[in-house]
Amino acid sequence: MVLPGLYLTHKRVGESSFDVVRRFKGRAYEAGQRKWPLGHGGTLDPFAEGLLLVLSGQGTRLMELMHPLPKTYRATVVWGVETDTCDLQGLSVAEGDASGLDPDRLEAALGPFLGWHDQVPPATSAKKIGGEAAYKKAHRGEEVVLPPSRVYLQGARWLSHDLPRASVLELTCRGGFYVRSLTRDLGRALGCGAHLEALNRTAIGPWADPGPENEVHLVGEALVPWCPARRLTDDEADHLAHGRAIPVGVFEAPAWSLPEGFPDPGAPLRALHQGRLVALLRPSEDGLRTFANLRGGL
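Under our numbering, the letters of the sequence shown match residues 14 to 311, in that order.
Just so you know, these hints were derived from the structure itself, not from any lab. Each hint can be trusted.
Once the Cα atoms are required to be at most 25 Å apart in a straight line, the calculated DMTMM-like pairs of lysine to aspartate or glutamate come out as: (1) K48 <-> E28; (2) K38 <-> E226; (3) K48 <-> E77; (4) K48 <-> E228; (5) K38 <-> E77; (6) K38 <-> E228; (7) K48 <-> D32; (8) K38 <-> E28.
With the hints as extra help, turn the sequences into a complete structure.
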């Protein structure tokens, strides 16, 4: 059976993120779970690989909490050619001389992209234009002009260089950041053009990629560990289940901390009862109230 909660899975190169979810749907169907809720927390392009979060059952109610988490990637950047998709699958739109690149220039080029900045998503992104994904319009040959989005890059460092051909970059960013766009913008800043050849998502928040053919199932206190916790008595659990407020009580500190300086995601409180995550709570005038009731608990 597909169990409620959160699965850490590895998406392979060539798969779409929905292909991974489709595999889980197939397992659920075979187990008689015909309408079992499933979703994923953070799309990876088909040419990319690495950690994908699959949310299952009542776990799908945690999806919005995954977006603002730090995500860590290892990216291979090819110098000298910019493509229309900003990756290896696109057509060349500009070429330049990368012979003058050196590690010091590349290190200096990262500085302007750290912290909050405006970033134009790739034309072949999943951003919506008039209710339709931009990549669908781009694939039909329509002109796609996307407005810049405010994004956050926590840190970036070069792991290795094979100049003038390519370099390997490790970076940590907030959800909504496009590594393809960063690669394009680095190439333009350096005057030589660049595109993304490979991308591997190695971590999301506290969780690391389990590797190919592996998966890890998380429930209870292992879920959303960046949120403070409120442990419930039996009576308090009953009050919340029936829509009533409970006293503020005593909070436990988060079990996992965000990187220093990372934007506050506005985490709610975890309501824990008998080892299960039963609700997400927010303060109210009369105490704590449920804003997401995880029926049956996780």
